[in-house]
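Could you build the full structure based on these sequences and the hints that come with them?
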Amino acid sequence: DQQVKQNSPSLSVQEGRISILNCDYTNSMFDYFLWYKKYPAEGPTFLISISSIKDKNEDGRFTVFLNKSAKHLSLHIVPSQPGDSAVYFCAASADMTGANNLFFGTGTRLTVIP
Amino acid sequence: GAVVSQHPSWVICKSGTSVKIECRSLDFQATTMFWYRQFPKQSLMLMATSNEGSKATYEQGVEKDKFLINHASLTLSTLTVTSAHPEDSSFYICSARNFRDRAYNEQFFGPGTRLTVL
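If you read the protein sequences in the order shown, they are chains X and G. Using this note's numbering, read the first sequence as starting at 6 and increasing by one per residue. Using this note's numbering, read the second sequence as starting at 24 and increasing by one per residue.
These are calculated hints, taken from the structure and not from any lab test. Check each hint, because a few of them may be wrong.
Cut-off 25 Å, straight-line C-alpha distance, at most; resulting in silico cross-link-like pairs (SDA-like, lysine to any residue) [unchecked claim]:
1. Lys-89(G) - Thr-72(G)
2. Lys-42(X) - Pro-109(G)
3. Lys-87(G) - Pro-109(G)
4. Lys-64(G) - His-77(X)
As the structure is a computational prediction, the values presented were derived from the model and not from experiment.
Okay, structure coming up:
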């Protein structure tokens with residue numbers, strides 16, 4: 006049973022525009038959410054996180070929005086750059102102390118077109 | 024950021040043989056290491072959680088006698104796939120976390136190991 010879902014397997018965006026990656030979850034016990042970025046033949050690297058007590062967290066060009074009532078979160082990248090092209094994984098945890106027992110989505114492949 | 028390495032990066036073996044994958048935290052002490060498996064077009068699935076000096080905790084559906092995990096030191100965990108079969112072919116990724124350091128509240132991932140069983 007997939008508790009974290011990323012329904013868009015791929016997304017293409019022009020350089021300089023905004024990229025919006027979406028993620029939905031089903032488990033209401035999840036209270037900590039993370040986004041990871043993955044290049045081919047490499048492990049995922051942490052990008053940004055948000056706890057359930059917030060609805061927005063911003064770090065440079067990356068902003069994560071959390072809508073608890075809809076069990077939905079999104080990652081906004083603006084402006085998008087070609088180096089952002091990668092697979093993005095959304096992950097969730099039911100442990101407020103951090104990333105223990107992460108549940109991952111299937112990933113969205115972002116392609117930023119120069 | 025913290026660095027986690029895995030060895031080997033890829034391995035091909037015959038059905039029935041055993042394969043050992045190493046996961047090392049290079050610049051920090053990993054009190055906990057996690058082992059994931061990713062099949063094509065699927066998400067990363069947690070297989071087991073291993074704490075230094077104690078037995079690993081396996082997720083439901085993961086055979087502990089088939090996937091042997093050893094976390095003998097704070098910088099090394101190993102996953103041994105015993106009597107491998109073609110259906111075990113997958114991308115295995117480890118991650119590490121130092122629970123003693125409050126600053127590290129994320130898991131740091133290794134580059135992964137591609138296992139192909141013929």
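Here's how the hints hold up against the structure:
1. Lys-89(G) - Thr-72(G): With Cα atoms ~15 Å apart, Lys-89(G) and Thr-72(G) stay inside 25 Å; holds.
2. Lys-42(X) - Pro-109(G): 29 Å, violated
3. Lys-87(G) - Pro-109(G): 18 Å, holds
4. Lys-64(G) - His-77(X): Since the Cα atoms of Lys-64(G) and His-77(X) sit roughly 21 Å apart, the hinted pair holds (cutoff 25 Å).
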